[in-house]
Structure formats: structure tokens, C-alpha cells
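Colleague: So you can see what is in the structure, the chains are spelled out below.
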Amino acid sequence: VTDERLMEMAPLYALGALDGDELAEFGRSLDGSPGLQTEVAAFEAVIGRLAYLHVTAPSSPRLRSRTLGAAGFFAPPAPVPAVRRDAPGRTSWLAWAAVLAAVAFGALFAWERARLGEARQEAADLRQERDTLAAEITEARLQLAAVQEQLGREVAFRELVAHRESRQTLLAGLAPAPAAVARVVWNPGTREAVLLAAGLDPAPQGKVYEAWVIAGGAPVPAGTFQVDASGKAVLRLPAVDETRSVKTFAVTIEPAGGTPAPTGPMVLAGAV
Amino acid sequence: MGLAPSDHVMNDSQAHALLRRLAAGDQKALGEFYDLFASLANGLALRILRDTADAEDVVQEAFVQVWRQAGRYDPRRGSPQAWLCTIARTRALDRLRRRVSRREDATDTPPATADAPQTEEALTVRKALDGLSTDQRRALELAYYEGLTQTEIARELGEPLGTIKTRIRTAMIRLREALGSEAS
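Sequence lines, in order, name chains A and B. Residue 1 is where the first sequence starts when you use the working numbering, and the numbers rise one by one after that. Residue 1 is where the second sequence starts when you use the working numbering, and the numbers rise one by one after that.
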């Protein structure tokens, strides 16, 4: 029989208004009392429906995408087996006693062993769940790091473009890549430079595109890149001193890994 | 005034079907569940937090929790959307308490209650709420929207604790009776 006083606390508990010793007492009693659980659930159902009183506020497509993306970080949980509810027995006490008497010590021993097995299985399941969660956290951290890195690059590029000393040089496609076009946004003061290219075919097998900064002397290698499926590429050039007095930016096709001096055909070039 | 067939009954059966798919790991069902009930959860979170960005965080957290715990959904606690709103309310109140402890204020103005929805479900709940006394409604609102406990409400209203307990209990029982079997 559920304590009447506890039943009176159920609506306050469901609403989250219970506090102090009463909350502690109710919490202790709840686990072992199906009657109390049913009462709390019924009041929670009422509270859930109160949300219909409000102005519904349409959520943005961005929030939808963000929410579904966040859910995608987590593997769906394994379905929880339904709790078995035994129907109230009609068997008399004597009949139960007879059944119990029939259950010999061996059966009891087997039951204990089964419980031990269940406990071990549960521990194994919990360990597996812990490992899964740890893997999910690691994956989420890696994705977060990648997003932060991408964000950092975008912020740096925006700052470069917005800087009052930054300049822009257009590179035209040459004979090997007449449809190609590129531009370099660069800052002679900070030596920062970013190359944005488009209209390039994928580099031949075993080759890469290599950028060059040409000031007065020999061309200075400024990084290699491949293009994406749409023929585009973005390359952050290293901060070399030659950027301060650059005369020409160029791109050539070179062996994979790049070379210290240009050896292959020039596909893009632009004079400052 | 005639009302269209109960939209919430249709939503209920649709929501139960979606929740079964969610529990089976069907991520597409989450998008459909979101499309049906995101505005409901967002409206509630916005009413509690009065801040668009915070409310959006709560909506995201609530749907992710539904996704992760769909297999543990207990129908005794109401429809799937009521369960979603219970989760959203809990998370919104947690956020509200953290904000209070940091003494931050909301940045947005609250939505106008005059624009409350006129669906059959909303009218049913509104009618049930109208059956409460002003004192009962006030105590209930402080707990529901502000997350205040019985002791805090008694202090806020300058009433004895016993009076507040009785007031809230009576209000909840009346609502449960007024909403009848639909609440379960």
C-alpha cells in the first residue's frame, strides 16, 4: 500500500516543485513503488500537455539541420526490452507454498548462478556501452577540431580580405589550362597570401599543382595542391619574404611532393 | 463552432509510429518528428527562456535526447510530443537556473500570449486551466515557467508553505481530471 502522504507529493514531484527532505524521501520511495510511479507518470502527462498553451515558434532550417546533425553524432540506442508485468496471481498461499517447497535447493543454486551470469552480462554490456560512448566522444572531438580548424581558416581569410593593406592579383590560364583562372589575395606587410583557383583539370597521375612566388630572383615554392571535383582549390601560401616584393604569382604542374624549382608546364600566371 | 477532427489525436498516432521508428534507429524518422513538433518545443522553450539562441539550444538538446532515449519512452507519461515537451521544459529550466545563478538576463522579449494557438488541443488545455482559481494558476505558473520549488513559491507569494503545497496539488488534480483520460 502506497503511503497516502507520498501520493499527495506526486503532483508536486512531477512538476519539479518538491524540495528539501520531502524530495529526498520521495526519491527514495519512488523506485520501489509502482503505484507511485504510475501517479507521477499521469501528472507528467498533464504537464507535457501544458505546452500547447503557447505560441508555437517555427524553428529555422539552420536549427533543423544543426539538430539532425547533432543527433547523427550518436548511434541510436539499442531498444530496451519491455518490462514484464506479471498478472496478479490467483493462486492461494498454500499453493504457492507447495510450489516453493517443490523448488529444491538445487534449483535455488541454479537461480543464483543465473543471476550471477546476468550480472556478468550486465557488466559486460555496461563496459561495451562505456566504450561506445568513449568512441563517440572521441569522434565528436575530432569533428569539432576539424570544424574549428575550418572556421579558423575562414576567419583568417576574411581578415586578410578585409585588411586595408591587402591586395589582389588575378592569374590567367595559360596554354595547358586555358579555362583556368585564379586570384591571390595577399598582404605585403604581414606576408600572408591565399590562392583561389578554379577551372583546373585534376593534376595528371603522380603530379600536383605547385604555386610560386617570384620576386627579383629565382621562383620561391609556395605549396602544392590538388583540385576538388569541381576543379577548384584554395591554398594558403607560406609567409615568405619574397611576398613583400613579389612581381609574379604562378602555378606549374610538378611531380607529387613538389620541387624546389619549377620543372613542369606553367598553367597559371599573374603579374602584380 | 464546429471544430475539425482532433488534430492532436492524428498527431498522437503519427507520433507513436514515429517514435517506434526512432527506437528502431531510423534517423529519417527524427526529421519527421522534428517537423511535426519542433515549433511546439521551441515555443515552450522561448516562453521559459525568452531568448532565441538559448531556446534553440534547448530544442536541439531535447530532440537529441528523444533520439537517444526513444527506446525508453514510457507511454504512461503522455503522448510522445508531451514527453518531448517535458524534456524541453526540464532542460529550459536547468538553463534558466544557471542563468539566474550567473545573474544574466534574457535578451529577447517574450512572445505575446494573445497569439496563443487555437487548435483543439490548445483550447482543451486552456479550458482546463480556466477552471483553476487565480491563486492556483499563479502558483502553478511559478513552478511551471520559473522552475520555483514549493518553498520558493511560498516565499515569493508570502504565503505559508502548507497553503502553497495544497494549492499546487489541488490545481494539478483538477487539471488531471479536466483533461481526463486524454492525459494518459
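Note that these hints are calculated values from the structure, not bench results. Treat the hints with care, as some may be off.
[Stated by the list, open to error] A few chain A residues facing chain B, derived, Cβ under 8 Å:
#1 G20
#2 E44
#3 A45
#4 A70
#5 V227
#6 V234
Note that the Cβ used here is the ideal one computed from N, Cα and C, for glycine as well.
Colleague: Of all the hints given earlier, name the ones this structure violates by number, lowest first.
Modeller: Of the numbered hints, 5 and 6 do not hold.
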